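Enquirer: Residue numbers (our numbering), protein chains in the order written: chain S, 1 to 392; chain D, 393 to 607.
No lab work stands behind these hints, which were simulated from the structure alone.
You may find that some hints are simply not true.
Claimed, not checked - If you want the footprint, here are the derived chain D segments under chain S, 3+ residues with CB under 8 Å:
no., stretch
1, 472 to 486
2, 512 to 520
Unchecked claim - Ranges between beta-carbon positions, derived for each pair:
no., chain 1, residue 1, chain 2, residue 2, range
3, S, Lys221, D, Phe549, 49 to 59 Å
4, D, Ser579, S, Lys2, 56 to 66 Å
5, D, Ser579, S, Thr152, 42 to 52 Å
Fair warning: this is a prediction, and the values are worked out from it, not measured in the lab.
Ideal placement from N, C-alpha and C gives every residue a C-beta, glycine not left out.
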Amino acid sequence: MKFTNFLYYVFINIVETLIRFFPVPTKTGCRKIGSPDQDSPVFLTCNFHLTVLRVKRALRGIDCYLLVANSKGINVWCASAGGLLNNHSVISIIKTSGIEEKVEHKKIILPQLAAPGIEANEIKKKTGWNVIWGPADAKDIPSFLKKNFVKTTEMNSIRFSIIQRIEVASMWAFMISIILTIIWLPLFLRETPAMLIQVWYISLVVFLLFPLYEPLLRLRKRLLFVNLGRILVFLIILFSAAVGIVIYVFAIKQYEKWLLIRWCIFSVSVVILIMIDLAGTTPVIKSGLLEERTFSIAIEKEKCEGTGICIQVCPRNCYELNSKTNKIRMINAELCVRCGACIVQCPFDVLYFKNEKGQVISPDNVRKFKLNLMGKRDCCIACKISNQLIKA
Amino acid sequence: MKVLESAPYRYDRGIKILTLGRITKSYDRIIENIQENDRVLDIGCGTGMLSFRAILKGAHVTGFDINPEMLSIAEKRAKELDAKDKLVLIEMGVAEIDSFEKNEFDIVMSGLCFSELSIDETNFVLDKIKGIIKSGGLLLIADEVKPQSILKRIMHFLIRIPLVIFTYILTQTTSRAISGLEQKVESAGYIITATKRNFLGNFIELVARYEESDV
Chain S
1 MKFTNFLYYV
11 FINIVETLIR
21 FFPVPTKTGC
31 RKIGSPDQDS
41 PVFLTCNFHL
51 TVLRVKRALR
61 GIDCYLLVAN
71 SKGINVWCAS
81 AGGLLNNHSV
91 ISIIKTSGIE
101 EKVEHKKIIL
111 PQLAAPGIEA
121 NEIKKKTGWN
131 VIWGPADAKD
141 IPSFLKKNFV
151 KTTEMNSIRF
161 SIIQRIEVAS
171 MWAFMISIIL
181 TIIWLPLFLR
191 ETPAMLIQVW
201 YISLVVFLLF
211 PLYEPLLRLR
221 KRLLFVNLGR
231 ILVFLIILFS
241 AAVGIVIYVF
251 AIKQYEKWLL
261 IRWCIFSVSV
271 VILIMIDLAG
281 TTPVIKSGLL
291 EERTFSIAIE
301 KEKCEGTGIC
311 IQVCPRNCYE
321 LNSKTNKIRM
331 INAELCVRCG
341 ACIVQCPFDV
351 LYFKNEKGQV
361 ISPDNVRKFK
371 LNLMGKRDCC
381 IACKISNQLI
391 KA
Chain D
393 MKVLESAPYR
403 YDRGIKILTL
413 GRITKSYDRI
423 IENIQENDRV
433 LDIGCGTGML
443 SFRAILKGAH
453 VTGFDINPEM
463 LSIAEKRAKE
473 LDAKDKLVLI
483 EMGVAEIDSF
493 EKNEFDIVMS
503 GLCFSELSID
513 ETNFVLDKIK
523 GIIKSGGLLL
533 IADEVKPQSI
543 LKRIMHFLIR
553 IPLVIFTYIL
563 TQTTSRAISG
573 LEQKVESAGY
583 IITATKRNFL
593 GNFIELVARY
603 EESDV
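The following block holds chain D by itself, in its conformation from the complex:
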């Protein structure tokens, strides 16, 4: 969603329009997995669309993103919501995720971030999360994915064309939907407990659990 990232102050509204309001419901649903006082890490937190939902549920959130402007908007919002003591914001990329402590988080979540990552980065992140999440902790992902059935792939492709052209003209960049997210999560050693795809199959809400093996 590069077109929106380049104008952070329009990001939230833009995302809502483009996903026809779906994103709000998706994020609300995925946040239901968070309990009060959970320690939560938000990967690619941006303006804090997921972070603030988690804070409202009583969680303590650490969010990081590479975009300093999005972070400054998140910071401003934290002030408005009087939630500064519940939110820690860090400007860094996913490759630095191993800088957190072991067992530092109960929940690791990410909204619309994995689709910005390369395959190497995705595998790296999924692997390193295991070092910072407690055993039995949850991994929550809401993101754009490639649909599974061929028919839906074609529909997804046709719907995406105008959007891709539009973003390309405006910002000369584009985002990619992830393929095989479930397989990657499973082969990284997580147990997927729930997935929900939308009708077109191009947006996923994924909940996975990490159990530390005794070996």
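Excised from the complex, chain S in its bound form:
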């Protein structure tokens, strides 16, 4: 039975990694892990099927309750930053899952990456439950419990490990493969397998080489209207794709003009598609499509009371508490991914977004408008419209 469980786990991991672009919702509610009693810890996660499966695996051997909250089938970080895993999801699952009758304490361990979307203060106010921010990765939960709910720097930080990079590469390659197969198969049947290999090769190259070119992506220098670093990365990937084409042409020994043109067009298209928001596909660099990419975190030091909540929720370990002044300061500002978790959680509104032009996004605005990919905060067109609607 255990072996079949493992097979099921592997199978679901592969399938749902390939279709990672799409949400896969699972039933919300309270799940028992082991044989919990009224003192057992209570964890919360999103209702993305793969996440629930992985969290349950990480919780093996711990007697506890797992609350699966509604995030519309999307993973914790995306859902919380996108406003789908929010205060209401947490309040709702606490009050409707019957957990209040099952345990005597009122402590709930939330995934750290839910911090951009869930306000601990609001949860306390509306339900009386205290939020404890858990580790960024569910795998660290056992050692988090052993350390009595204390997180180390490693537990706080988000990584982009080789396995995660292969997962992201597979997700891209699978989606592109399906679309290209539909187009290519009827036209060039014999060429399709080689083309699919090229797609997977390009995707894997992009994400496996990531640590090598990561510093380039962080370059701020611009050449004409485009970011110099991105152009360089684009050229590196393009070169790798060209290597693939050369290998193919030599392998089939056909030096036909149209074949070359067609392979160049589709390879360049694949590279462009993946490169459009390469930074945003990684968890360690902020998306270039986001409105506040030009903003950075500003600190109103005099307001800071030294709670250190920002340190607990920052997935990039950007903050440090100055033990002399008891105020926070940013020690790794260049690593910030602008997830906004620190701004949302700070009880004294010490932090906010500010850009070089002096434009400001207030903490309340960050809390209110989560799905900023659509540009809903007050510095952008869509928001101006909705602000006008409110004012009108």
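Starting from the known structure of chain S, arrange chain D on it as the hints suggest.
Expert: Coordinates of chain D only, in the frame set by chain S:
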């Protein structure tokens, strides 16, 4: 109806097109149960499609929704209709429905909201409404449901496929039709006084009464 919720300013028109105008008639019909000066609660009021109909009948409406943008549109409309004193809007989720007073409402209504809720949430809401509605008060629901007959279920399924794919591609989310709504309402202790399903059986208008027992 996630595709529409993500663009609140298109919500009403979108819903009307998708339901082929059915929603307007359904809402009009369900609102006929409301009398002048009734105190009405609108669960998941959104842009206020039901709320404003109730206000036009002379009711006092409290509406709540989790979507602040939809609420801001409702607020703007309330100003336009000069009905600000008749409408109270609150940003909250259904789990906070127990924050209202006992006997605070004569009518509790909801349009296209129950289909967004989980089974636990639905049961919770149906149970808690009993604590805030007066005895003899009415529960009005207009929502997407699963058809009862197998044939209609198949037709419903086929019609839904393109719609589901469309919404999925655009917003990566989908809504679910409720199954067994009548049974849930009845087992929560309400007396169903009228139900009306459309031809396909995938949209219901339900009227139920709550009588406080003497026990």
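Enquirer: Quick one: are serine 579 of chain D and threonine 152 of chain S within 42 to 52 Å, going by C-beta?
Expert: holds, 49 Å
Enquirer: Range hint 49 to 59 Å: satisfied by the CB atoms of lysine 221 of chain S and phenylalanine 549 of chain D?
Expert: holds, 55 Å
Enquirer: State whether the coverage of the stretch 472 to 486 of chain D by chain S holds or is violated, taking the criterion as 3 or more residues with Cβ-Cβ distances under 8 Å.
Expert: holds (count 3)
Enquirer: Lying within 56 to 66 Å: is that true of the beta-carbon distance serine 579 of chain D to lysine 2 of chain S?
Expert: violated, 39 Å
Enquirer: Can you take a look at whether the stretch 512 to 520 of chain D is actually covered by chain S? Rule is 3+ residues, C-beta closer than 8 Å.
Expert: That given contact holds, which follows from 4 residues of the stretch 512 to 520 of chain D lying within Cβ reach (below 8 Å) of chain S.
Of the numbered hints listed earlier, the single one contradicted by the structure is hint 4.
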